[in-house]
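Peer 1: So you can see what is in the structure, the chains are spelled out below.
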Amino acid sequence: MKKILIIGEFANNQISSQTLELVTAAKQINGTISLAVAAPDASIILSKSNIEGVSHFLAIDLASSHFDAKVQQSAVSALIEKVSPDVILGTFNIKSSSFVGGLAAEYDFGFASDVVAFGTTPEKLTVLRPMYSGSVLAEIEFITDRPTIILLRPGKWEPASISDGVVTVETLSSSAEQTSTIEHIEDITPEGDIGLKRAAVIFSIGRGIGSAENIDAFRAITQKLDIPLGASRPVIDSGWLPHAHQVGQTGVTVSPKLYVAFGISGALHHLAGMSTSKVIFVINTDPSAPIFSVAQYGAQADILEVAAELNKLI
Amino acid sequence: MKFVVLVKYVEITAQNPEIASDGLSISPSSIQREVNEADYTALEEALKLKEALSTESEIVVITLGDSESEDGIRKCLAMGADRAVRIDASSISATDPIAVSQELAAQIKVESPDVVFAGSQSKDSGHQSTGAILATLLQIPSVSVVSKTDWIEAGATLRIQRDFEGGFGEVLKVSLPTLLTIQPGINLPRYPSFKDTIRAKKIEIEVKSASYLSNPKSQVIKYSVNKATSQVEMIDSNPAAVANKIMELVREAQ
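Line by line, the protein sequences are chains A and B. Take the first sequence: its position 78, counted from the start at 1, is 78 in the working numbering, and no numbers get skipped. When you read off a place in the second sequence, starting at 1, and then add 1000, the result is the number in the working numbering.
Derived by calculation from the structure, the hints in this document are not laboratory data. Keep in mind that a hint or two might mislead.
To be verified - No more than 25 Å apart at the CA atoms, straight line, and that leaves these computed lysine-lysine pairs for DSS-like:
1) A:K224 / B:K1217
2) A:K82 / A:K70
3) A:K95 / B:K1173
4) B:K1245 / A:K312
5) B:K1217 / A:K2
6) A:K197 / B:K1245
From a predicted model like this one, the values you see are computed outputs, not experimental measurements.
Whenever a hint applies, use it, and build me the whole structure from the sequences.
Peer 2: Here you go:
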């Protein structure tokens, strides 16, 4: 029996759906599951999170809601020392990535991130992770007797079920200190909402659009179809569309029934925001564009010619 | 003052790369090399901060890689980096992020820089974790996935914008020393002139041998073509046919 520690997170003052995915993943490993969160009001929120399969809840109540990698790292250190886990699971996102690798270095643990599945090697916990922009899957073995820390890609496991009901939470104090060298100045919140998250169909444009003027054809199509127009980072960085249109790791994460990518090459940060879409159709003149690797349908065609044909059809 | 920029000469594969029958390596014929995009962005950001200083400063590029990596390092020198150090290692030996970071940390300590820059993620292994590991090994504060940097007080404090998922982010005041991981796309890396390219050819790249890679905590036991991502059905590229297929899928989805 392994001792598994899940590093949980909150979203909108409740346990995040990504944390519930970690619980499902943890159930694949033969062990007992502890779930811990270091955040403001962690004990109160966790006490109302009755999650199936979790046997032990731990909380560290942080004073500040501002994320600080060093504060998180020392809080999770306290949790690790309390639980002495064999396996630690966290979500592969920007916040976790900015401190969890550091924990592995601090404790001399094994470490892997962006894991999409566990391997089938008996007795040994191996993990599968994409490499080379997703074209290759690598199976990783840990060659250490020390514990391992694994960050899992969101959207790969179903969230575990959660119900109302009070659970007992063990509250720890952390020696975490606010770092003196990093000072919070202001928060940045998302600009507007163009409905990308709720849309069943999204058309998105990338660098292949070539110029701001060429966007008009796609604006016309998406307006007629009443669907949002997404974009990859280069279009936003060029100032051709506002930030609210950005699909990707630091933009909006989407999972529509149909995602049509026009002239998008498929950088990792874009793929992170759309690869869980049910059907992906890629139109690009470059057949080696990495985005073809996540597509069900592809066409090597000029996106402006396709846009002209689409405008005729609608 | 000194800046270190970490650069990786990444391996790029097409879809369905050829994998050796033992599953332990990818066929060299399926691999192309380039400087990791985010690392070029990080170097450009370092150059911009250096140029805003009135005092003397230096940019040192550190890479871990094979001798072919020097092609990429020369491009960084041509862009304006002053010196370069290469820790000699084959890519196949360098898949454990902790061991790789230990190598880099040892070299960074030799340089003792004020700011360490890295790209936020490498295109080939994509752990997005080197920055966090290095910050712990070097015992300096770090900020990941940075989208903007400016001097508040030249040479002493930086104003940093960092992004989280979903359009959220924050602005921070950071004192030196610090480590920053930079997102690709936030600036336009400069294109070196012919003269700079020639000049860069003459700069000697210091080569160091690796010492931690022989003791990794993880290793790849099998590479396979990612079947989940190699199932694309290519359709007739005639624009009218493509448009018809798109509309058929739109009707099914709505």
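Peer 1: Work down the list of hints and note, for each, if the structure agrees.
Peer 2: Structure-based check of all given hints:
1. A:K224 / B:K1217: This hinted pair is violated, its Cα atoms lying about 55 Å apart.
2. A:K82 / A:K70: holds, 19 Å
3. A:K95 / B:K1173: holds, 18 Å
4. B:K1245 / A:K312: holds, 14 Å
5. B:K1217 / A:K2: The hint holds at about 19 Å.
6. A:K197 / B:K1245: Satisfied, since the Cα-Cα distance of roughly 24 Å is no more than 25 Å.
Checked against the numbered hints above, the structure breaks only hint 1 and satisfies the rest.
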